[in-house]
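*Asks:* Listed below, chain by chain, are the residues.
Number of protein chains: 2
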Amino acid sequence: MENTIKKQTEAQVITPEQFLEHYQGHRRLTRRVIEAFPENEFFNHSIGGMRPFAEMTKELLAIAVPGLTEIVSGKIGDFDENRDYGKTKAQFLEKWDEDTEKINELWAQIPEERYQEHITLFGQYEGTVQSSILYFIDNEIHHRGQGYVYLRTLDIEPPFFYDRS
Amino acid sequence: MENTIKKQTEAQVITPEQFLEHYQGHRRLTRRVIEAFPENEFFNHSIGGMRPFAEMTKELLAIAVPGLTEIVSGKIGDFDENRDYGKTKAQFLEKWDEDTEKINELWAQIPEERYQEHITLFGQYEGTVQSSILYFIDNEIHHRGQGYVYLRTLDIEPPFFYDRS
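Top line first, the protein sequences correspond to chains A and B.
Count the first sequence with the numbering used here and you get residues 143 to 307, in order.
Count the second sequence with the numbering used here and you get residues 143 to 307, in order.
Calculated from the structure, these hints are not laboratory results.
Be a bit skeptical, because a hint or two may be false.
Heads up, the list lumps identical chains together, so a pair's fine if it works in one copy or across two of them.
As the list claims (entries may be wrong) - Okay, derived cross-link-like pairs now, DMTMM-like style, lysine to aspartate or glutamate, Cα gap no bigger than 25 Å in a straight line:
1. Lys-217 with Glu-243
2. Lys-229 with Asp-305
3. Lys-200 with Glu-255
4. Lys-200 with Glu-254
5. Lys-244 with Glu-268
6. Lys-229 with Glu-163
7. Lys-229 with Glu-243
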């Protein structure tokens, strides 16, 4: 039995557990970026007409748990990046941590054979389960990279990109 | 035989071919970001004391083919982000396209069972083949996201993030 499990794992390019850990590692880094912003600048600092990092964070929160909920349930949900999470960084971080747990719970409900299933997320985004989740992660990395520039213009050293602990 | 192949593909969270296409899709988007910069600003524009996008591009070029070459050959190579690719965007794009082909060739030499193999890249970065390649991609998304901010501050509309064609 152990040999069978080992063989299956070796045959996977990436296992569901590694994929989840990859996502959560990125979310831990994003959490540190949120923490690195001064309270006011999290909600108000922006460059080149772009959104403040709080607004980007709302987008990330609108994708992660709602997207995975849709993948698990098969029921189309709303993509709403204007949900109100409060007026403080602490409230955003509390929501972030709640979603960390929900992501773990939802992930456990995605059977391995579903990653190649074709889906349409939020009623409009076509892909497979794996490509959709990769998109969630890529989009988070993309906006967080922008947050790094915001922090640099505030003379704040961003967290190490390679630290996902 | 067809059924067997289908079954194997369904069991993979992500296949090697999908993983390569994911990487190359991101590289196509990064190529468009390089193209979007005016010649001078590609080499000189920066924000918050960060590197111009040409320097970030040098880092991406220093990782992709050299990293995959090391994975394929097993021989430790140099991580050198100061290689000279010329003084024009056109020269960078030519190198980018050469590397696109090399990545395809190198990828074909990574057997499926190697993705879970533990490696130390450039003599110092520990991980598996899959986590190392994911890092190449994540790092590219991260810096390209910063390039988007650079373009916005130059009043240039960046390419659509979701377009990987």
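*Asks:* Hints first: check each against the structure and report whether it holds.
*Replies:* Taking the hints in turn, this is what the structure says about them:
1. Lys-217 with Glu-243: within (21 Å within a copy, 41 Å between copies)
2. Lys-229 with Asp-305: neither (28 Å within a copy, 34 Å between copies)
3. Lys-200 with Glu-255: Result: close neither inside a copy nor across copies, 31 Å intra and 39 Å inter.
4. Lys-200 with Glu-254: neither (29 Å within a copy, 38 Å between copies)
5. Lys-244 with Glu-268: So Lys-244 and Glu-268 pass the 25 Å test inside one copy only (23 Å; across, 30 Å).
6. Lys-229 with Glu-163: For Lys-229 and Glu-163, the Cα distance exceeds 25 Å both inside one copy (30 Å) and across copies (41 Å).
7. Lys-229 with Glu-243: Only inside one copy: Lys-229 and Glu-243 sit 22 Å apart there, 49 Å across copies, limit 25 Å.
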